[in-house]
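Assemble the whole structure, with the sequences as input and the hints as a guide.
Each chain, written out:
Number of protein chains: 2
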Amino acid sequence: MSGGSQEGITARKADDFDEWYTQVILKSEVADYSPVSGCVVYRPLGYAIWEAIQKETDALLKQDGVSNTYFPLFIPERLLKKEAEHVEGFAPEVAWVTETGSSKLDERLAVRPTSESLMYEVVGRWIRSWRDLPMRLNQWNNVVRWETKNPTFILRSREFLWNEGHSIFATREEADAERERIMGIYRKVTEEYLALPGYLGKKSKAETFAGAEGTYSIEHLLPDGKAIQGPDWHSDGQNFSKAFNIVFIDREGNKQYAYQNTWAISTREIGVMLATHSDDRGAVVPPRLAAIQVVVVPIVNDESKEAVLAEARKLMGALAGFRARLDDRDNLTPGRKFNEWELKGVPLRVEFGPRDMKEGQAVMVRRDTGAKRSVKLSSLAAEVSKELESIQASLLQRASAFLAENTRDAGTLAELKETLSAKGGMVRVRWCGDVKCESTMKEAAGGKILNVPLDQKPTKGVCLACGRDAPTFALYGRSY
Amino acid sequence: MSGGSQEGITARKADDFDEWYTQVILKSEVADYSPVSGCVVYRPLGYAIWEAIQKETDALLKQDGVSNTYFPLFIPERLLKKEAEHVEGFAPEVAWVTETGSSKLDERLAVRPTSESLMYEVVGRWIRSWRDLPMRLNQWNNVVRWETKNPTFILRSREFLWNEGHSIFATREEADAERERIMGIYRKVTEEYLALPGYLGKKSKAETFAGAEGTYSIEHLLPDGKAIQGPDWHSDGQNFSKAFNIVFIDREGNKQYAYQNTWAISTREIGVMLATHSDDRGAVVPPRLAAIQVVVVPIVNDESKEAVLAEARKLMGALAGFRARLDDRDNLTPGRKFNEWELKGVPLRVEFGPRDMKEGQAVMVRRDTGAKRSVKLSSLAAEVSKELESIQASLLQRASAFLAENTRDAGTLAELKETLSAKGGMVRVRWCGDVKCESTMKEAAGGKILNVPLDQKPTKGVCLACGRDAPTFALYGRSY
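Each protein sequence line maps, in turn, to chains A and B.
Here the first sequence is numbered in the numbering used here, starting from 1423 and rising by one per residue.
Here the second sequence is numbered in the numbering used here, starting from 1423 and rising by one per residue.
Do not take every clue at face value.
The list cannot tell twin chains apart, which means a pair is met if one copy fits it or any two copies do.
Said to hold, decoys possible - With a Cα cut of at most 27 angstroms, we get these calculated BS3-like pairs of lysine-lysine: (1) 1882 / 1664; (2) 1477 / 1610; (3) 1845 / 1504; (4) 1526 / 1627; (5) 1780 / 1858; (6) 1449 / 1677; (7) 1571 / 1526; (8) 1736 / 1484; (9) 1780 / 1879; (10) 1677 / 1759; (11) 1484 / 1449; (12) 1477 / 1504; (13) 1571 / 1882; (14) 1845 / 1610; (15) 1484 / 1870; (16) 1526 / 1504; (17) 1759 / 1484; (18) 1571 / 1449; (19) 1780 / 1864; (20) 1864 / 1571; (21) 1503 / 1526.
The hints are simulated quantities; they were obtained by calculation from the structure and are not laboratory data.
Structure representation (structure tokens):
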């Protein structure tokens, strides 16, 4: 809690999204710039959001049988090179340690961009037979991908925090069956906690993770009309197990290569969440993730001060079941306090003054809508609980409506181009699955295929690009 | 849970501590070697211990008003150089990133050995007046110190996980007052969770953290008679605030430099804990930290199998309040299971066979002492709870007795040398505080001053080295 002298947001979300977004992040004190360009400093308010995401995701993963581990930060160059597609995908973005103290290293060490190569070199030793499988490991850590094109505050940072799940199965069937469970967990966390909707689908070959056979993602839509990839799950088949010799003896006594998957959710979601819900007065944070859910602001004058403060402190007892804060600073006017907590995205404000005290009530103000209502002190906790749930639900609802409104159809290349450049958003296009048609669309309209949503039934229709049969739609858009 | 074909520990703790320790870590599946020498892979069993340490420490820190944050991994070289003693202390151990992708960087980036310089460059911007203080920030992260002398598995690793707390105060008094609270938290976690005793005291100037005015530590003693430093707290005075210009306007309207402290507990404690409690049959893990606290092993023959297993599954319901596991693998004998869970340090084993079933009882076996006793099924949960508490208490008691037995007195340099080389352990020596006398002792006996314990009353006596007045004792020993 700083001295309260932040200035408000001076850019408008509708007019200058980039400037507005940056101001929201900085002025809400969610994050700050780092002396190293493209890296992010997470301040207490922002890190608390990440802790909440971690906590919920971690509990669901553990329930599903996943174990946490920690593997080292550094990967010797020779290991990174073991799987050809993998190194090709990541080499351009690797930060290399070449010196320690005043000595040159014999072999360069990659700062992990992702841990497949290091982990798989090690875990192969832990597996002997089918009885050791499945082995489902996870780590919460930091990774570095030195993007030079367009690092964007939190959304695309050169270092980010994430979970990287790595699971190893005896059969392809078991490996494939994990997808629904993991993506279900990610969907639950993004929808029910971050209040972020998205389309769950399969990426095109061109957009598949380096070294994987198939990538599935949740695709979000930002308010500026650009899409951004959320959590993902990759089916690696036996690509890595062959490169790293991860074998097991099956029930029949034969040596087999294992099947592997990987999956991740990252700090990027914090940026997507803030960009989606926040407004021209500052951050809006869903109640389930908010470090402070309710702030009580006493409205005092010189005579009433002691009595009102004493009563406000009692209110805090009634709010013990929430993450509540009493703002009893005496150097700021109530108005300044309102502005500050609105800027920081506290979901609910409770105002309490001498008149309220007399009438045994308080005034509740929602951050998302600004709606005010008086509630009896005797039912304060119940009303706060109800209001927080209502805010949580309404944020998801609003974001879902925005996503639906901004998902459009295009039947021709010209329509695709026209829709994308006039309105942005996501565009549903029939696609036959051919990489050449994907290129045709890119050339015609810019952007890319985001994914092919799983939640659709095949119907009759033809590919936008080639006119051949295309029973399903892909989502197309410009993307971060 | 692997196929159970681990071989047991083949070295003896009393005969070959180093080999025994390494075998305990590897064969218990707590950790494994990394392809990069000196870095550690924490397997599920080991990482669960770290999660438990984090959880307890983090809750206590938050209760005390500390907020979590995340600051980037990379520190530009120019920042690291801002505080002269600090860079001098760390430069020989820094891992440097010099290239990204295929480009050379203009400025080398240090992989953080600790985050003072990066954090303080940033947090200065967040502080305007005394109202913004204290600002008490923490991060749980990974740091790299490229030790070349003697990396030791978990105890001294080149990358380790820790918390780094950084707090900023308006006055020296407030800053100093934090020491007791933070060291109290660390003492609580090490004693009550890790069951590790230690001496809390002040380091000598020679052993003070690079850039700090004073360092306080908890010093543990390993079974091989060598000391090892546990958690620490540093008083930085205004050293860093002057180097990084961390100033605030005080109540009188004057600009002041702030006072700072830093503090840490690291994954090293996992190694100290395992070295201390484990035995020739494998790991011994205190119940409060154990990923699995109780394992139920059914003893079945062909006829009784179904009935015993069904009843054992019911037992798991009664044990729902514990981290309990039923080992119903059908490819291993009970004996093999016993060995495996002893190797992995599960505090309590419950054996349950056809005879037990008839008599409505089970057999409880303690990992630490091997003591067996029968308990009625009706009181199983209560007895398990009691036994786990007893194990927890007894581990601390035993380690405390070992520490007390191996803390000896020396009145002369010759006695110091003799005691250290004959018996190791810690030696209480009167010391006047002069750095020259510290050097004299080092030359005479090897080892070093560990710390000057806080828990002592000044008495009359003279310095071991110079004969001048020395009212207090220092602890002296060989150290990791």
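Hints versus structure:
1. 1882 / 1664: Classified as neither; 40 angstroms inside a copy, 72 angstroms across copies.
2. 1477 / 1610: Classified as both: same-chain Cα gap 13 angstroms, cross-chain 24 angstroms, threshold 27 angstroms.
3. 1845 / 1504: Classified as neither; 44 angstroms inside a copy, 50 angstroms across copies.
4. 1526 / 1627: Classified as neither: same-chain Cα gap 39 angstroms, cross-chain 32 angstroms, threshold 27 angstroms.
5. 1780 / 1858: neither (73 angstroms within a copy, 72 angstroms between copies)
6. 1449 / 1677: between (58 angstroms within a copy, 24 angstroms between copies)
7. 1571 / 1526: Result: close only across copies, 17 angstroms inter versus 29 angstroms intra.
8. 1736 / 1484: between (39 angstroms within a copy, 22 angstroms between copies)
9. 1780 / 1879: Result: close neither inside a copy nor across copies, 61 angstroms intra and 58 angstroms inter.
10. 1677 / 1759: Answer is between; shortest inter-copy Cα gap is 25 angstroms, intra-copy 67 angstroms.
11. 1484 / 1449: Between copies only: 24 angstroms across chains, 36 angstroms inside a chain, cut-off 27 angstroms.
12. 1477 / 1504: neither (34 angstroms within a copy, 37 angstroms between copies)
13. 1571 / 1882: Neither: 40 angstroms inside a copy, 70 angstroms across copies.
14. 1845 / 1610: So residue 1845 and residue 1610 fail the 27 angstroms test inside a copy (29 angstroms) and across (59 angstroms) alike.
15. 1484 / 1870: neither (35 angstroms within a copy, 45 angstroms between copies)
16. 1526 / 1504: The answer is both: 23 angstroms in one copy and 24 angstroms across copies each meet 27 angstroms.
17. 1759 / 1484: For residue 1759 and residue 1484, only the inter-copy Cα distance (24 angstroms) is at most 27 angstroms; the intra-copy one is 40 angstroms.
18. 1571 / 1449: Within one copy, since 26 angstroms is at most 27 angstroms while 46 angstroms is not.
19. 1780 / 1864: Neither way: residue 1780 and residue 1864 sit 66 angstroms apart in one copy and 74 angstroms across, limit 27 angstroms.
20. 1864 / 1571: Within. Shortest intra-copy distance 19 angstroms satisfies the 27 angstroms Cα cut-off; inter-copy 56 angstroms does not.
21. 1503 / 1526: both (21 angstroms within a copy, 20 angstroms between copies)
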